[in-house]
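Hey, can you work out the whole structure from these sequences and the hints?
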Amino acid sequence: MTKAAIAGRIDLDTATVDALVARARSDHPYEVCGLLAGRDGVVRRHYPIANAERSMTYYAMDGKVLLGAMRDMEERDTELLAIYHSHTHTEAFPSPTDVELAFYPEAVYLIVSLQEPGQPVLRGFDIVEGKVTERTVFVDGEEAATGPR
Amino acid sequence: MSIEVRVPTVLRKHTGGEKRVEGQGATLRELVADLERRHPGLGPALLAEDGGLHRFIQTYVNDEDVRFLGGMETPLEEGDSVSILPAVAGG
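The listed protein sequences correspond, in order, to chains A and B.
Residues -10 to 138 (the working numbering) make up the first sequence, in order.
Residues 381 to 471 (the working numbering) make up the second sequence, in order.
The reader is advised that the hints may include incorrect statements.
Derived Cβ-Cβ restraints for the label pairs, each shown as a range [said to hold, decoys possible]: (1) B:Ala413 x A:Glu89: 25 to 33 Å; (2) B:Gly397 x A:Asp66: 13 to 21 Å; (3) A:Glu131 x B:Gly459: 49 to 57 Å; (4) A:Pro94 x B:Glu429: 18 to 26 Å; (5) A:Arg33 x B:Glu444: 25 to 33 Å.
Listed below are several chain A residues computed to face chain B (Cβ distance under 8 Å; list not exhaustive) [what the hints assert, rightly or not]: (6) Ala(-4); (7) Cys22; (8) Thr46; (9) Ala49; (10) Lys53; (11) Leu56; (12) Thr86; (13) Asp87; (14) Tyr93.
Calculated directly from the structure, the hints in this document are not laboratory data.
Positions of the beta carbon are idealized from the N, C-alpha and C atoms, including for glycine.
This is how it looks when you write it as structure tokens:
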């Protein structure tokens, strides 16, 4: 179980959390991925995006689909708030590959772990220039558990 | 000849925080060289170590992936819009 310093928060609602977990389960044991966009830290839109690799250990968004989602956010006057993906066999903590390929310092990296399929774990991280810090996840304004579990 | 380039957040440290910058060039290769003159550090950030296209920092001309156009030799015209889009990927 891996720890990082905790700083900041990310606010989600139950519907969004449920949608991310449902999506993680939908293609298990393959990893899923997607984006959350919104305004002023409030999530307004979920962009489920296919994992072009359809892998149990890797995810990658198709570039043109990603570009389309980014354009859509601009048109709606929203911004990228979070990038999520699932871990199907490991804990909800950024892997070395996640850290190496984290090119969006403005986004919170959300990871849904289905390591224990009956007990999904969602954690959020900033990954900036190789440094990982954890955000406290708030769901409907209530602080959710933080840290390894 | 002026080409608009959209710069992602992660590379704005090279452009003084600017989201959109202008550059010139008849090909992507020339544009990257011009961008490097105007914004030192931005050029290498777009390229692989061998000077070819970066595997994870993708470039689009008018929303088409340059890998499917002409790579570094993709021709550019006045008014073209170039987007730099880092991959969203991980493990």
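A quick look at each hint next to the structure:
Judged by the Cβ atoms, the range 25 to 33 Å given for alanine 413 of chain B and glutamate 89 of chain A holds: they are separated by roughly 27 Å. For glycine 397 of chain B and aspartate 66 of chain A, the hinted distance range of 13 to 21 Å is satisfied, since their beta carbons lie about 20 Å from each other. Checking the proposed 49 to 57 Å range against glutamate 131 of chain A and glycine 459 of chain B shows it holds: the Cβ atoms sit about 51 Å from each other. Taking the beta carbon of each, proline 94 of chain A and glutamate 429 of chain B are about 23 Å apart, inside 18 to 26 Å as hinted.
Range check, arginine 33 of chain A to glutamate 444 of chain B: Cβ separation about 29 Å, and the 25 to 33 Å hint holds. Hint status for alanine -4 of chain A: violated, given a least beta-carbon distance of 19 Å to chain B, over 8 Å. Restraint check, cysteine 22 of chain A versus chain B: the minimum CB separation of about 7 Å is within 8 Å; hint holds. For threonine 46 of chain A, the suggested interface contact is upheld, since its CB lies about 6 Å from the closest CB of chain B, less than 8 Å.
The criterion of a C-beta within 8 Å of any C-beta in chain B is met by alanine 49 of chain A, whose closest approach is roughly 4 Å, and the hint holds. The interface hint given for lysine 53 of chain A holds, since its Cβ lies 7 Å from the closest Cβ of chain B, which is under the 8 Å cut-off. Taken as an interface hint, leucine 56 of chain A checks out: its beta carbon lies about 6 Å from the nearest beta carbon of chain B, inside 8 Å. Look at threonine 86 of chain A: its Cβ gets to within about 3 Å of chain B, closer than 8 Å, so that hint holds up.
Residue-level restraint check for aspartate 87 of chain A holds (minimum Cβ-Cβ distance to chain B is 4 Å; threshold 8 Å). Because the beta carbon of tyrosine 93 of chain A sits about 7 Å from the nearest beta carbon in chain B, less than 8 Å, this interface hint is met.
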